[in-house]
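Enquirer: The primary structure of each chain is shown beneath.
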Amino acid sequence: MEKILLVDPEKCTGCRSCETACSLYHEKSLNPSLGHIHIVKLENSGLYIPIVCLQCEKPICEDICPVKAIKRDQKTGAVLIDTDICVGCRLCAIYCPFAGPRINSKNGKPRKCDLCNGDPVCVKFCEPKAIQYVDATKANMIKRLNAATRLSELVKTLLGTL
Amino acid sequence: MSVIPDLKLGSEVTQKLGAASARYCIQCGKCASICPLVRLREDYSPTEVVKGVLLGLKDMVLSSDVVWRCLSCQACTKICPAGIKFPEFMDALRGILIEKGITQYVLRCKRCGKNFTTTPILEFAEKTLPKEVKVDADYLMLCPECKPYAILNKSARWYGKGIV
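The listed protein sequences correspond, in order, to chains A and B. Quick note on this note's numbering: the first sequence kicks off at 14 and runs consecutively. Quick note on this note's numbering: the second sequence kicks off at 190 and runs consecutively.
The set of hints was computed from the structure by calculation and includes no laboratory data. Take these hints with a grain of salt, some might be off.
What the hints assert, rightly or not - If you want the footprint, here are the derived chain B segments under chain A, 3+ residues with CB under 8 Å: (1) 222–233; (2) 256–263; (3) 300–310; (4) 318–329; (5) 337–344.
Glycine included, each C-beta is placed from N, C-alpha and C at the ideal position.
Work out the full structure: start from the sequences and follow the hints.
Expert: This is the structure we're talking about:
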């Protein structure tokens, strides 16, 4: 069964262990800015939001790539950038609506999440369990449950004010 | 194309550090053989760009978008027998053109103001997209580094209030 990365921003504490682990696994250096996952810190609202590739069903990066370096791995379902073919034009990063591909600050080329061949390291290093690697159907259930509880709370507060 | 070359323009570019190596171009065409863009579009060749700049062909360099089509992938730099550093040459050339007031081809990030790409590249890229895909123009005005911040700042107002 296909598994996906489920991100829960409410649990994220902004420790950036996932970025560090990712950079060590993929780029062989302990540097959070080289990780393929990205923690966005919003100072005004006090939020930490992990940004990672969503492995879209019909990825726009696959369509826009001028050298066709982006292909889907049939085994894990991850959309991969072939580093030998990629020329570093960054069109995938410009066109992605979810900011999935991240620009590597060392060579200026876009790099994105490849799910670590079906065993993501960011999940192992995430202490508050903000990133989980679960079945797609289970992830869907969790999201629906969260939405339902939020909706019920909203209705309660709205009824309370009336 | 103007037949009277303006050598002043060429020397202006090659005086810049890094772009000086372009003077050694021998017009062998190896760069055009490896350029990924040449395979896709017939109206571009790095050899032509270097020639046009060194000779100072004004119609090509100043009034057309030919020099703004390069993706800066450095494939030609690796193969060039004369050792031309193409990205540095391109940067120097584009910098001089911006100084001259040719800014209609440059896309600046709305948030940080960085020149992150050019309009001819995006126009060409959009032609390769399937017809049913529609792109929001607002996304394209943000550089990849700023995009997550700009998108999330929009939705952060509703965050934790039961909607997002």
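Enquirer: Next step is simple, just say for each hint if it's right about the structure.
Expert: Structure-based check of all given hints:
1. 222–233: As far as the segment 222–233 of chain B goes, the hint holds, because 3 residues have Cβ atoms under 8 Å from chain A.
2. 256–263: Result for this restraint: holds, n = 4.
3. 300–310: It holds, with 3 qualifying residues against the three required.
4. 318–329: holds (count 7)
5. 337–344: Our answer is that it holds, as 5 residues pass the Cβ test (under 8 Å) against chain A, meeting three.
Checked against the numbered hints given earlier, the structure satisfies every one of them.
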